[in-house]
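In the order they appear, the protein sequences are chains A and B.
Read in the numbering used here, the first sequence has 71 at position 63, and its numbers run on one by one without any break.
Read in the numbering used here, the second sequence has 144 at position 136, and its numbers run on one by one without any break.
Any given hint might turn out to be false.
Copies of the same chain look alike in the list, so a pair counts if it fits in one copy or across any two.
[Stated by the list, open to error] Calculated pairs, EDC-like style, for lysine to aspartate or glutamate (alpha carbon to alpha carbon, straight line, at most 16 Å):
id, residue 1, residue 2
1, Lys361, Asp210
2, Lys244, Asp222
3, Lys292, Asp241
4, Lys244, Glu224
The hints are simulated quantities; they were obtained by calculation from the structure and are not laboratory data.
Here is how the chains run, residue by residue.
There are 2 protein chains.
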Amino acid sequence: MAAEPPPVRFGILGCANIARKVSRAMILSPNSTIVAIGSRSLEKAANFAKNNGFPVSAKAYGSYDAVLEDPNVDAVYIPLPTSLHLQWAVAAAKKKKHILLEKPVALNFKELDLILKACESNGVQFMDATMWMHHPRTPKMKEFLSDSHSFGQLKTVHSIFSYNSGDDFRKNDIRVKPDLDALGALGDTGWYSIRAILWAADYEMPKTVTALPDAEFNEAGVILSCAASLRWDDGKRATFYCSFLTNLTMDIGVLGSNGYLRVHDFVIPFQENVGPFYVTANTKFAELSIGIEPAPTEHKIYTDLPQEALMVKEFSGLVSGIKEHGSGTEKKWPTISRKTQILVDAVKASIEKGFEPIEVVF
Amino acid sequence: MAAEPPPVRFGILGCANIARKVSRAMILSPNSTIVAIGSRSLEKAANFAKNNGFPVSAKAYGSYDAVLEDPNVDAVYIPLPTSLHLQWAVAAAKKKKHILLEKPVALNFKELDLILKACESNGVQFMDATMWMHHPRTPKMKEFLSDSHSFGQLKTVHSIFSYNSGDDFRKNDIRVKPDLDALGALGDTGWYSIRAILWAADYEMPKTVTALPDAEFNEAGVILSCAASLRWDDGKRATFYCSFLTNLTMDIGVLGSNGYLRVHDFVIPFQENVGPFYVTANTKFAELSIGIEPAPTEHKIYTDLPQEALMVKEFSGLVSGIKEHGSGTEKKWPTISRKTQILVDAVKASIEKGFEPIEVVF
Chain A
9 MAAEPPPVRF GILGCANIAR KVSRAMILSP NSTIVAIGSR SLEKAANFAK NNGFPVSAKA
69 YGSYDAVLED PNVDAVYIPL PTSLHLQWAV AAAKKKKHIL LEKPVALNFK ELDLILKACE
129 SNGVQFMDAT MWMHHPRTPK MKEFLSDSHS FGQLKTVHSI FSYNSGDDFR KNDIRVKPDL
189 DALGALGDTG WYSIRAILWA ADYEMPKTVT ALPDAEFNEA GVILSCAASL RWDDGKRATF
249 YCSFLTNLTM DIGVLGSNGY LRVHDFVIPF QENVGPFYVT ANTKFAELSI GIEPAPTEHK
309 IYTDLPQEAL MVKEFSGLVS GIKEHGSGTE KKWPTISRKT QILVDAVKAS IEKGFEPIEV
369 VF
Chain B
9 MAAEPPPVRF GILGCANIAR KVSRAMILSP NSTIVAIGSR SLEKAANFAK NNGFPVSAKA
69 YGSYDAVLED PNVDAVYIPL PTSLHLQWAV AAAKKKKHIL LEKPVALNFK ELDLILKACE
129 SNGVQFMDAT MWMHHPRTPK MKEFLSDSHS FGQLKTVHSI FSYNSGDDFR KNDIRVKPDL
189 DALGALGDTG WYSIRAILWA ADYEMPKTVT ALPDAEFNEA GVILSCAASL RWDDGKRATF
249 YCSFLTNLTM DIGVLGSNGY LRVHDFVIPF QENVGPFYVT ANTKFAELSI GIEPAPTEHK
309 IYTDLPQEAL MVKEFSGLVS GIKEHGSGTE KKWPTISRKT QILVDAVKAS IEKGFEPIEV
369 VF
């Protein structure tokens with residue numbers, strides 16, 4: 009058996025709150041370690057490292073550039089505000105750093121294409137930080153959706169991701185600042201629902217996207233809630249709702265000719281070590297239309313590592329393959345990031361055009 | 009204590025399959041009995057009475073008219089195809105029979121208004137046979153939705169009612185025949201979702217209704233599946249999907265600023281004696297965005313009588329009040345039937361106009 013490859017060495021750009029969770033994941037994942045963090049404030053970077061259990065050897069820098077210059081950094085995790093993604097992801101790629109990029113990955117797909125082009129021409133792996141894709145529940149649910157007997161043909165999907173962020177957030181958080189995260193709730197929560205819909209549809213792109221009136225905005229014009237409907241040529245249809253104005257909700261419902269799948273904590277499992285989902289298949293009303301047969305079933309998928317550690321592990325495995333064995337980059341991840349971003353853009357365009365249908369071009 | 013009033017005496021028009029379930033409910037309900045059933049075939053009526061445990065004194069007639077002529081009949085249950093509702097409901101009202109009418113109550117609200125006018129001018133009670141309205145779970149769920157701390161402001165509702173009816177049904181059942189039940193899946197299943205949305209919105213009518221492309225039709229042009237979005241002036245929004253083409257699904261999800269309510273068997277409880285629902289309230293991500301607090305809760309509402317017997321009991325109580333004490337008719341039931349029908353009509357109009365928004369006028 010070949011020796012274990014050395015762990016992938018992460019640098020982190022910025023001290024965003026979400027970086028606390030992802031740092032922990034880098035420590036938990038068996039094939040990665042943290043070697044550097046950069047912030048505009050050296051003190052902030054040093055404190056972050058200290059407070060989040062970084063290895064003592066990890067370096068704290070007073071700039072993002074310094075992380076990119078560090079030859080010991082294999083890969084960077086970028087949790088900066090979306091408006092900074094283009095600049096820093098491209099800079100990282102030019103320094104041959106593999107990139108784990110927070111979502112929404114860009115302000116629009118043109119920006120994303122510049123990032124992806126930089127990744128490709130520099131041979132670096134790109135992955136967005138959509139954690140739930142890496143939970144073992146996700147392929148188990150897909151198994152059900154792929155079963156022609158139990159699920160049949162996909163007909164419709166509905167997804168919700170919302171949280172009630174509070175008044176202060178809605179005025180002051182970076183996620184509602186037009187110069188930082190101009191996509192607002194659509195980029196922060198709609199991203200997940202759009203990904204869920206694409207995932208359910210085997211990443212087949214819809215033909216049109218239509219935002220549903222009305223959307224809600226803060227005083228700066230950033231989206232606080234919106235909904236949209238997506239349609240495919242074969243009659244499939246999906247709807248989603250994303251919001252900063254309603255209670256924390258993380259639902260997907262996928263309805264097929266023969267079956268139905270529900271999950272209520274798809275973004276972040278209610279419990280870290282188990283992800284449940286619920287299915288019905290070939291359900292009929294019982295005699296006299298009293299009750300149903302067969303009963304719905306609950307499936308619980310256990311995991312030793314939290315989904316964010318599995319994400320880091322998957323990403324690091326790809327980076328290791330490239331570094332140690334000269335493997336090519338995995339195209340799946342940039343491809344689905346791009347499809348997701350294109351649909352985010354389409355919803356935004358539909359809202360801006362007064363809720364007109366937008367043809368999806370990609 | 010006053011003596012119990014005599015039971016309300018039901019006549020049934022026709023031998024529809026659903027009449028088996030509702031007959032059982034009339035037998036189970038403590039304040040009703042069955043005295044007559046009419047069919048175009050006397051033999052069919054007699055067999056129906058025999059096979060469904062009718063009192064031996066119940067009369068079988070070879071026509072609907074004969075039921076209406078029977079002076080022992082206080083109230084009629086009408087499970088005929090929708091295209092026959094106008095004729096027979098008006099005829100019943102003229103004979104001073106109180107009316108429990110299957111849904112969809114009419115082919116359109118103009119027909120319904122003729123029925124309601126006949127009921128009003130003859131002083132008879134009208135109620136549609138939407139059973140779930142009478143489950144004790146329904147007011148318990150409403151209690152949650154009315155709680156400003158736990159639920160807050162209603163923001164969005166999504167509902168699904170569908171069943172996979174099979175190829176033969178989609179060609180031959182009365183529910184897909186343009187001359188019998190021209191509203192197809194919209195009338196048969198969409199009715200319930202629209203009612204659920206109205207119920208969640210305290211029966212406040214939306215401003216516009218827009219069907220979502222595309223709808224599906226059988227060869228005769230009857231709706232097999234459709235979806236729509238409804239919007240209110242205050243920014244509330246609802247969506248629903250109804251279908252004969254997807255697995256049996258009966259969901260409502262009601263999302264407010266502070267809480268979320270889910271129910272997965274709202275039309276017909278999976279178990280006859282208990283109706284569960286699920287809520288989250290004031291949910292936050294836990295430390296490091298791992299898990300949530302507080303956990304979602306399940307509420308189980310038990311019932312001795314099935315919801316259809318509670319419906320018969322409620323209706324019979326109203327009829328008794330009118331008969332024994334000269335009470336006025338209860339306007340709530342015709343009012344919500346009418347609102348539901350108006351929205352069914354609006355969805356149909358939107359589909360017919362190429363998925364244009366329809367202003368709701370009532």
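Hint check:
For a Cα distance limit of 16 Å, the shortest separation of Lys361 from Asp210 qualifies neither inside one copy, at 29 Å, nor across copies, at 32 Å. With identical chains, the CA atoms of Lys244 and Asp222 are at most 16 Å apart between copies only, with a shortest distance of 8 Å across copies and 23 Å within one. In this assembly of identical chains, the alpha carbons of Lys292 and Asp241 never lie at most 16 Å apart, being 29 Å within a copy and 39 Å across copies at closest. In the homo-oligomer, the alpha carbons of Lys244 and Glu224 lie at most 16 Å apart only across protomers (10 Å), although the nearest pairing inside one protomer, at 27 Å, exceeds that limit.
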